[in-house]
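Asks: So the protein lines, in turn, are chains A and B.
Just so you know, our numbering puts 57 at position 57 of the first sequence, and the rest follows in order with no gaps.
Just so you know, our numbering puts 30 at position 30 of the second sequence, and the rest follows in order with no gaps.
If you are wondering where the hints come from, they were derived from the structure by calculation, not from laboratory data.
This one's a predicted model, so the numbers in the text were calculated from it and none came from an experiment.
Ideal Cβ positions, reconstructed from N, Cα and C, are used throughout, including at glycine.
Treat the hints with care, as some may be off.
SDA-like mimics (lysine to any residue), calculated; alpha carbons at most 20 Å apart, straight line [as the list claims (entries may be wrong)]:
1) Lys106/A to Gly58/B
2) Lys57/B to Lys113/A
3) Lys57/B to Ser18/A
4) Lys109/A to Gln44/B
5) Lys109/A to Pro107/B
6) Lys49/A to Ser96/B
7) Lys109/A to His29/B
8) Lys61/A to Thr102/B
9) Lys109/A to Gln37/B
10) Lys57/B to Lys49/A
11) Lys57/B to His9/A
12) Lys106/A to His29/B
13) Lys106/A to Phe60/B
14) Lys49/A to Tyr104/B
15) Lys106/A to Ala16/A
16) Lys49/A to Gly40/B
17) Lys113/A to Tyr27/A
18) Lys109/A to Gln41/B
19) Lys109/A to Gly42/B
20) Lys58/A to Thr102/B
21) Lys49/A to Asp85/B
22) Lys106/A to Asn59/B
23) Lys106/A to Asp85/B
24) Lys106/A to Ser96/B
25) Lys57/B to Lys58/A
26) Lys109/A to Leu88/B
27) Lys109/A to Gly40/B
Distance windows between CB atoms, simulated [as the list claims (entries may be wrong)]:
28) Ile68/A to Ile12/B: 34 to 40 Å
29) Ala16/A to Ser51/B: 46 to 52 Å
30) Ser84/A to Arg15/B: 39 to 45 Å
31) Gly62/B to Pro114/A: 45 to 51 Å
32) Phe69/B to Lys58/A: 23 to 29 Å
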Amino acid sequence: AQSVSQHNHHVILSEAASLELGCNYSYGGTVNLFWYVQYPGQHLQLLLKYFSGDPLVKGIKGFEAEFIKSKFSFNLRKPSVQWSDTAEYFCAVMRGGSQGNLIFGKGTKLSVKP
Amino acid sequence: KAGVTQTPRYLIKTRGQQVTLSCSPISGHRSVSWYQQTPGQGLQFLFEYFSETQRNKGNFPGRFSGRQFSNSRSEMNVSTLELGDSALYLCASSFSGGIVETQYFGPGTRLLVL
């Protein structure tokens, strides 16, 4: 069965530190990749997505992610985090032929210390 | 443009009862997907509806069912509730649910089963 792995359950950083959250998936075919964020008390919001083309994808709020097909990875990065980035981050994969079915990772909780 | 709305936002039921949750997608969106979010299992796909037809289904027992109306609004029903059904139920919509589309999530309905 297809799966999505997020390596870190909880990451704690100080403001201005750089961020990289890992995401690996297990499906070998065509996939579309997403990062969603869930701020405390708010609903899931899309950060960025990859469908095709340039494997380096830029999203909102200064986030970016790189798709490395050979490693089945889609890691999320931000050069300098802010306290307001404190949230839970979910990597998700939609594979071909599975309309509507996003497979999510377990999520990574990010806490940014002011 | 209004986002995805879900009603009710909170619900308390007892074991053995049934419950119906409602989701109104973004105007013009015809695909509605449902997800269950729990601390233990994370986010799991329930099913997806498009043009009143169930198009994709996750690995949930038959107690979980859904339907979609001609105006694209969708309902999810859980019969014979169990304690383990306590969760946040999320609804997401997209134009057609295609692989190149983004899903937009609602705030969720938090169900507590006592």
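Asks: Each of the hints needs a verdict: does it hold here or not?
Replies: A quick look at each hint next to the structure:
1. Lys106/A to Gly58/B: Since the Cα atoms of lysine 106/A and glycine 58/B sit roughly 17 Å apart, the hinted pair holds (cutoff 20 Å).
2. Lys57/B to Lys113/A: Between lysine 57/B and lysine 113/A the Cα gap is close to 41 Å, so the pair fails against 20 Å, i.e. violated.
3. Lys57/B to Ser18/A: Status violated; Cα separation ~39 Å.
4. Lys109/A to Gln44/B: With a Cα-Cα distance of about 18 Å, the restraint between lysine 109/A and glutamine 44/B holds, given a limit of 20 Å.
5. Lys109/A to Pro107/B: The given pair, whose Cα atoms are some 19 Å apart, holds under the 20 Å limit.
6. Lys49/A to Ser96/B: 17 Å, holds
7. Lys109/A to His29/B: 31 Å, violated
8. Lys61/A to Thr102/B: 18 Å, holds
9. Lys109/A to Gln37/B: At roughly 15 Å apart (the allowed maximum being 20 Å), glutamine 37/B and lysine 109/A satisfy the hint.
10. Lys57/B to Lys49/A: With a Cα-Cα distance of about 23 Å, the restraint between lysine 57/B and lysine 49/A is violated, given a limit of 20 Å.
11. Lys57/B to His9/A: 28 Å, violated
12. Lys106/A to His29/B: 27 Å, violated
13. Lys106/A to Phe60/B: 18 Å, holds
14. Lys49/A to Tyr104/B: This hinted pair holds, its Cα atoms lying about 12 Å apart.
15. Lys106/A to Ala16/A: 26 Å, violated
16. Lys49/A to Gly40/B: Violated, at about 26 Å.
17. Lys113/A to Tyr27/A: Status violated; Cα separation ~36 Å.
18. Lys109/A to Gln41/B: 15 Å, holds
19. Lys109/A to Gly42/B: With a Cα-Cα distance of about 12 Å, the restraint between lysine 109/A and glycine 42/B holds, given a limit of 20 Å.
20. Lys58/A to Thr102/B: 15 Å, holds
21. Lys49/A to Asp85/B: 30 Å, violated
22. Lys106/A to Asn59/B: Holds, at roughly 17 Å.
23. Lys106/A to Asp85/B: Holds - the C-alpha atoms of aspartate 85/B and lysine 106/A are around 18 Å apart, at most 20 Å.
24. Lys106/A to Ser96/B: Violated - the C-alpha atoms of serine 96/B and lysine 106/A are around 26 Å apart, more than 20 Å.
25. Lys57/B to Lys58/A: 31 Å, violated
26. Lys109/A to Leu88/B: 17 Å, holds
27. Lys109/A to Gly40/B: 14 Å, holds
28. Ile68/A to Ile12/B: 34 to 40 Å: 45 Å, violated
29. Ala16/A to Ser51/B: 46 to 52 Å: 49 Å, holds
30. Ser84/A to Arg15/B: 39 to 45 Å: This hint holds: roughly 40 Å between Cβ atoms.
31. Gly62/B to Pro114/A: 45 to 51 Å: Distance hint for glycine 62/B, proline 114/A holds at roughly 49 Å.
32. Phe69/B to Lys58/A: 23 to 29 Å: 38 Å, violated
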